[in-house]
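Let the hints inform the model, and build the full structure from the sequences given.
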Amino acid sequence: MTRCVKGLAACIALEAAMQAPGLADPAPSGGAFVDRFTTLDPARWFASNGWSNGAYHNCTWSAANVKVNNLVQLALSNQPSKDRPFTCAEVQSRAFYSYGTFEVRMRPAPGAGVNSTFFIYTGRPHGNPHDEIDFEFLGKDPKGVFLNYFASGRSDPQTVNFDFDATGAAHDYAFKWTPDSIQWFADGRLIREVKKSSETNIPTTPQKLYISIWTGTGWDQEAWMGRFEYPGQPLIAEYEYVAYTPLGAPCQFPSSIACRDQAGDGRAP
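Counting from 1, one number per residue, gives the positions in the sequence shown under this note's numbering.
None of these hints come from the bench; they were simulated from the model.
Warning: the hint list may mix true and false statements.
With a Cα cut of at most 16 Å, we get these calculated EDC-like pairs of lysine to aspartate or glutamate [claimed, not checked]:
1. Lys195 <-> Asp180
2. Lys140 <-> Asp165
3. Lys67 <-> Glu238
4. Lys140 <-> Glu222
5. Lys82 <-> Asp35
6. Lys140 <-> Glu229
7. Lys195 <-> Asp141
8. Lys67 <-> Glu240
9. Lys196 <-> Asp156
10. Lys143 <-> Asp187
11. Lys143 <-> Asp165
12. Lys67 <-> Asp41
13. Lys140 <-> Asp220
14. Lys196 <-> Asp180
15. Lys143 <-> Asp163
16. Lys143 <-> Asp172
Structure, rendered in C-alpha cells:
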C-alpha cells in the first residue's frame with residue numbers, strides 16, 4: 001500500500017493508478033492541443049470513477065461529478081459512495097506529455113479541507129521514476145497556491161501568495177518545463193522558477209496531465225489542508241481550458257506563455 005505524504009498531489013494519481021485496472025497501462029506521447037471543453041474528448045481524457053486512494057482520501061472518485069458544457073466543472077459532494085462520506089472528481093489524460101508549456105484557466109473551490117489541482121505526474125504505476133509538477137489550490141488559502149515538483153522522487157514545495165482571491169474568478173495559470181528549468185506563471189506573471197544545478201534536478205520523464213478536486217482525512221491532511229466541513233452544497237472547481245504546447249512548437253493562442261517565448265520575451269510583464 002502506498003503511503004501518502006502531506007502535500008503530495010501525486011499520491012492521488014499514484015494510488016488511483018494502482019487500484020484501477022488498466023489505467024496505468026502505457027499510453028502514446030501526446031502532441032499539442034488546446035481544449036475548451038465543448039465536450040470531454042474520450043480520445044484525450046477519461047474521468048476517474050469508483051475508487052478512493054487510501055486512508056487519507058475521504059472521498060470516492062465519481063464520473064457523475066464531472067460536468068462538461070464549454071468548461072469542466074468538478075464537484076465535491078456529500079453523496080456517500082462505498083465506504084467514504086463524500087464523492088469527488090478527477091479527469092486525467094490518456095497520453096503522456098514531455099517538455100513544453102502546460103496552461104489552464106480555472107477557478108478553484110473555496111473552503112478549508114478542499115484541494116483543487118492542475119498537475120502532471122508519472123511514477124511507479126507507469127514503470128517510471130516519480131516525476132511531477134503541481135499547482136495545488138488549497139481552499140483554506142484563497143490568496144495563495146501550493147507549488148511543488150518531484151524529480152526522481154525528491155520534492156521542493158513552496159507556497160506563493162497572490163494579490164487576488166483565486167476562488168473568486170477564473171485566472172490563467174501555466175508552467176513551462178524544459179530540460180534545464182521549471183517556471184510557474186499566474187496571469188502571465190512569473191511566480192516561481194527552479195533551475196537545474198549540481199544540487200537541483202529537474203523532472204525528465206513524460207507525464208500524464210490531471211485536474212481534480214478532493215478532500216482528505218487524518219491529522220496530516222488536516223494540518224496541511226485545514227479541517228473540512230461540508231457547506232451544505234457541492235463545492236465546484238471550474239476549468240475553462242487546458243492547453244499543452246511542446247517545447248519549440250508554434251504557439252496556439254495569443255495569450256499563451258509559449259507565444260511570448262517565441263516573440264523573444266520570456267519575461268513576465
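Each hint, compared with the structure:
For the proposed pair Lys195 and Asp180, the alpha carbon gap of about 6 Å is at most 16 Å, so the pair holds. Our distance criterion of 16 Å between C-alpha atoms is met by Lys140 and Asp165, whose separation comes to about 11 Å. With a C-alpha separation of about 10 Å, the suggested pair Lys67 and Glu238 falls inside the 16 Å cut-off, and the hint holds. Between Lys140 and Glu222, the direct Cα distance comes to roughly 11 Å. Compliance with the 16 Å bound is thereby established for this hinted pair.
With a C-alpha separation of about 32 Å, the suggested pairing of Lys82 with Asp35 is violated against the 16 Å cut-off. A hinted pair counts as satisfied when its Cα atoms are at most 16 Å apart, and Lys140 with Glu229 qualifies at roughly 11 Å. A C-alpha spacing of about 27 Å is found between Lys195 and Asp141, which places the hinted pair above 16 Å, so the restraint is violated. Distance check on the hinted pair: Lys67 and Glu240 sit about 12 Å apart at the alpha-carbon level, within 16 Å; holds.
For a cut-off of 16 Å, the pair hint linking Lys196 to Asp156 stands: about 13 Å separates their Cα positions. Only pairs whose Cα atoms come within 16 Å are accepted, and Lys143 paired with Asp187 is accepted, the gap being roughly 14 Å. With a C-alpha separation of about 5 Å, the suggested pairing of Lys143 with Asp165 holds against the 16 Å cut-off. A threshold of 16 Å between alpha carbons decides the hint, and for Lys67 with Asp41 the separation of about 13 Å falls inside it, so the pair holds.
Restraint check: the Cα-Cα separation between Lys140 and Asp220 comes to about 15 Å, which is no more than 16 Å; the hinted pair holds. Our distance criterion of 16 Å between C-alpha atoms is met by Lys196 and Asp180, whose separation comes to about 5 Å. For the proposed pair Lys143 and Asp163, the alpha carbon gap of about 7 Å is at most 16 Å, so the pair holds. Restraint check for Lys143 and Asp172: the C-alpha separation of about 14 Å stays at or below 16 Å, so the hint holds.
Checked against the numbered hints listed earlier, the structure breaks hints 5, 7; every other hint is satisfied.
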